[in-house]
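There are 2 protein chains.
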Amino acid sequence: MFELIHSSKKSRARVGRITTPHGIIDTPNFVAVGTNGTLKALDSATVDAIGLQLMFCNTYHLMLQPGTAVVKAAGGLHKFMNRTKPLITDSGGFQVFSLAYGGVASELKSSGQKKNDGSVLKITEDGVLFRSYRDGEKILLTPETSIAAQKELGADIIIPFDELPPYHIDPYKLKQSFDRTHRWEKRSLDAHLANPNNQAMYAVIHGGIDPDLRKQSCQILANLAFDGFAIGGSLGKTRQQMIEMLTAMMPYVPQDKPNHLLGIGDLESLDAGIRLGIDTFDSSHPTRCARHGLLFTSRGNVKIEQGSNKNRFEPVDPSCTCSTCKNYTLAYMHHLYKAKEVTGHVLATIHNLHFMVQLMADYRQQILEDRI
Amino acid sequence: MFELIHSSKKSRARVGRITTPHGIIDTPNFVAVGTNGTLKALDSATVDAIGLQLMFCNTYHLMLQPGTAVVKAAGGLHKFMNRTKPLITDSGGFQVFSLAYGGVASELKSSGQKKNDGSVLKITEDGVLFRSYRDGEKILLTPETSIAAQKELGADIIIPFDELPPYHIDPYKLKQSFDRTHRWEKRSLDAHLANPNNQAMYAVIHGGIDPDLRKQSCQILANLAFDGFAIGGSLGKTRQQMIEMLTAMMPYVPQDKPNHLLGIGDLESLDAGIRLGIDTFDSSHPTRCARHGLLFTSRGNVKIEQGSNKNRFEPVDPSCTCSTCKNYTLAYMHHLYKAKEVTGHVLATIHNLHFMVQLMADYRQQILEDRI
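Respectively, the protein sequence lines represent chains A and B. Read in order, the letters of the first sequence correspond to residues 1 to 372 in the working numbering. Read in order, the letters of the second sequence correspond to residues 1 to 372 in the working numbering.
Chain A extracted, bound-state conformation (with noise of 0.2 Å):
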């Protein structure tokens, strides 16, 4: 459920609050991503304390390691992970799509080639038949599949099974895939209406750098039942055409449901999405750059392995609340990157996480304040 709360004077922006079986999300607000079932390096205590309302968790590692079964039998994916609090869960086929193609960011840099590695046998009208990366095991993802895997994890949201054209695609193949991806997506829907299982799914917007697709895209997923609306694909080549194409788009989105940008979540995209009516966005961004010692602070990044940081005794940002800053110094932290001591790690996710949710609850205040 999805209540609207706020709609900013300013611009687009927004706050509103989203009901789940297993508690509140407040939007705006960033959705951590815990790939395989964990916040890396965290106990799920920790992530609790860090107040993260929403976490992301891929089905695509999870069929392949335990396997959707094994996390069924525990009791579903909450239980499985001892976490009280809102999951969502994608459907699998970006990560089998991105294999396909060498991943989001290679295939943007090549001129279009396949990058195939082979792990993508073959794409029907059914679904993708690809190779587990773990053993070689051929798995068929098809809508059903895929909602039949959502289904035994157990998230309060889920995902279409949708196909993820590259930057790099002729408008013919772009419009077939178009309409392939919608027959997928309403394939999905009439799965989960099956068994709804307490969860809402979000449709996922598609149409590639195209805005006219997009706008379609819009339309024909208005009209299916959906709880919400992802916006996926390939929004262009740069954060600038991202933006452009959101607010090309953002007008067709209905805007009395909950809306998700999937996998941007850094800083520059974040403030703009949030400008444009984005609620959620969900990315590994802040936990990979913590765990590779940058740091993010009100008075801009920290590269914590730096040698100005040696001697220095305050807090990573002295203004911030969380229990790295409360408890260790820029020194403590420097010293731990230096030794390679994982300890690094878990206090420096737990900053940036923690800068996120409180970057998110300022956020909303402003637009409360209709500042933004």
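No lab work stands behind these hints, which were simulated from the structure alone. All values reported here derive from a predicted model rather than from experimental measurement. Heads up, some of the hints might be wrong.
Said to hold, decoys possible - Calculated pairs, BS3-like style, for lysine-lysine (alpha carbon to alpha carbon, straight line, at most 25 Å):
#1 A:Lys72 - B:Lys340
#2 B:Lys186 - A:Lys40
#3 B:Lys85 - B:Lys10
#4 B:Lys257 - B:Lys10
#5 B:Lys310 - A:Lys72
#6 B:Lys186 - A:Lys340
#7 B:Lys173 - A:Lys40
#8 B:Lys85 - A:Lys326
#9 A:Lys122 - A:Lys186
#10 B:Lys79 - A:Lys310
#11 B:Lys151 - A:Lys310
#12 A:Lys79 - B:Lys340
#13 B:Lys72 - A:Lys310
#14 B:Lys173 - B:Lys186
#15 A:Lys40 - B:Lys303
#16 A:Lys79 - B:Lys151
#17 A:Lys338 - B:Lys72
#18 A:Lys40 - B:Lys151
#19 A:Lys340 - B:Lys173
#20 B:Lys10 - A:Lys340
#21 A:Lys326 - B:Lys79
#22 A:Lys257 - A:Lys85
Claimed, not checked - With the C-beta cut set under 7 Å, the calculated list includes, among others, these residues of chain B facing chain A:
#23 Gln65
#24 Ala69
#25 Arg131
#26 Ser132
#27 Leu294
#28 Thr297
Where a beta carbon is used, it is the ideal one built from N, C-alpha and C, also for glycine.
Using the hints provided, position chain B relative to the given structure of chain A.
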């Protein structure tokens, strides 16, 4: 300050209490090793919650990274690493000499050839000149520089600089080393007493595998103003030899002060050592086992990666009260290790350390009841 609370009527086992400026250590007790000023993968709040009373940090590592001057500038090691409870540091000698002989385990397995990797450049009456493994810098470690470093770190308990002769050493060289190590310990004590800094210093009993030398060492050191007695050097090639040596020497270790067995922490040795009157034991064994997926339980060790754990939706040890066993299952832990998630190391380290804390509390209770 050491207070003897109870001596068992059945063995040399005893219960005591060591009071330090940062709190109490109940004995017998296990001392976890946080080489670089952190327990691997755990923050200090987690360590405190486990109930670990004493942590062991390595002067050698902290001298090289971040340097003891940095730690001093931070306000000492407690403040640097945000630990409010007792700490003990060693002299750095163990690491320098074990590098010279290629590590304790490999030296034991060898037939006595020195495996000097070039890091130890010169051993003289003054001390040891060695090369830093980090940057190749030449460093002179002497009784005086080791104690100065340990003064900068500021642990509650410190250790004199000693020479670690290898297991394979001829009696003449052992005696030479023996005499020098006791001269070094005396110089260390003098350096310590010139600036007590509210720290206690434990002597290190030497003598290798010669019972007469071990007895002499106890007698020499008992006549000096040490606050406690650590047992160092090679005690034999097997656990049985170690137990025989401890059996022979413990009657000569002063009873009115605490004693410590350096670097021994496997469960069988602990059990034997406690019966012989050892008060504390340090070892990285439980934390290293945790990282390798070997979990200690009241029913024996669990190899978490074994396939049989895939579907076991019960705690690692149903009788354990640690946060890992209260919140997670064998199946989830198995999954984390299979997925190579560091969170698995975090949860397993918590469990194994909690096991050690509980085990030592149980030993104390058994001794108080004269059951061992």
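Quick rundown of the hints versus the structure:
no.	hint	in the structure
1	A:Lys72 - B:Lys340	holds, 21 Å
2	B:Lys186 - A:Lys40	violated, 49 Å
3	B:Lys85 - B:Lys10	violated, 32 Å
4	B:Lys257 - B:Lys10	holds, 21 Å
5	B:Lys310 - A:Lys72	holds, 13 Å
6	B:Lys186 - A:Lys340	violated, 36 Å
7	B:Lys173 - A:Lys40	violated, 51 Å
8	B:Lys85 - A:Lys326	holds, 18 Å
9	A:Lys122 - A:Lys186	holds, 21 Å
10	B:Lys79 - A:Lys310	holds, 15 Å
11	B:Lys151 - A:Lys310	holds, 20 Å
12	A:Lys79 - B:Lys340	holds, 20 Å
13	B:Lys72 - A:Lys310	holds, 13 Å
14	B:Lys173 - B:Lys186	holds, 20 Å
15	A:Lys40 - B:Lys303	holds, 22 Å
16	A:Lys79 - B:Lys151	violated, 49 Å
17	A:Lys338 - B:Lys72	holds, 18 Å
18	A:Lys40 - B:Lys151	violated, 37 Å
19	A:Lys340 - B:Lys173	violated, 38 Å
20	B:Lys10 - A:Lys340	violated, 46 Å
21	A:Lys326 - B:Lys79	holds, 12 Å
22	A:Lys257 - A:Lys85	holds, 20 Å
23	Gln65	holds, 5 Å
24	Ala69	violated, 9 Å
25	Arg131	violated, 19 Å
26	Ser132	violated, 13 Å
27	Leu294	violated, 18 Å
28	Thr297	violated, 19 Å
In the structure shown, a violation is registered for the earlier hints numbered 2, 3, 6, 7, 16, 18, 19, 20, 24, 25, 26, 27 and 28, in ascending order.
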